[in-house]
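Between the sequences and the hints, there should be enough to build the whole structure, so can you do that?
Each residue of the sequence shown is one higher than the last, beginning at 61 in our numbering.
Careful: at least some of the hints might be erroneous.
[As the list claims (entries may be wrong)] Just the calculated beta-carbon pair ranges, DEER-fashion: (1) T132 x L90: 38 to 46 Å; (2) R144 x V65: 18 to 26 Å; (3) A134 x E88: 32 to 40 Å.
Treat the hints as calculated values from the structure; they're not laboratory data. Cβ coordinates follow ideal geometry from the N, Cα and C atoms, glycine included.
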Amino acid sequence: MTTEVEFAKQKRKAARATYSKTVNELQEILAAESPDADDLGIHLDQLTEKYNDLKTSDEIFLNLLQKKVGITHAEYEKKYKSHRIIMRSYLRLKSKLKKA
Numbered sequence: 061m062t063t064e065v066e067f068a069k070q071k072r073k074a075a076r077a078t079y080s081k082t083v084n085e086l087q088e089i090l091a092a093e094s095p096d097a098d099d100l101g102i103h104l105d106q107l108t109e110k111y112n113d114l115k116t117s118d119e120i121f122l123n124l125l126q127k128k129v130g131i132t133h134a135e136y137e138k139k140y141k142s143h144r145i146i147m148r149s150y151l152r153l154k155s156k157l158k159k160a
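Structure (structure tokens):
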């Protein structure tokens, strides 16, 4: 079980890094005086793809974590809260992109 959890944790870490990089690129584009609408559309699609990958990784990791012997409720909640923060940031950025 621990090996599965560690593998899921590594996969989640990679997905978070890719998602964060995409978010940073989008924020740079949005900061430009007149962002290209086509470019924003492409990046929105990429953001959605990266978010979905991260969401899947999070769900797998959290499910395995729940089954792990010795995990405290506080430890689980901390990981779950991290997932919720990313979800809210994704929704805010997606909304911002649609308005641009």
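How the hints compare with the structure:
1. The supplied range of 38 to 46 Å is met by T132 and L90, whose beta-carbon atoms lie about 39 Å from each other.
2. Restraint check, R144 to V65: a C-beta distance of roughly 20 Å satisfies the suggested window 18 to 26 Å.
3. Between A134 and E88 the CB atoms are about 36 Å apart, so this pair conforms to the stated range of 32 to 40 Å.
Hint compliance for this structure: no hint is broken.
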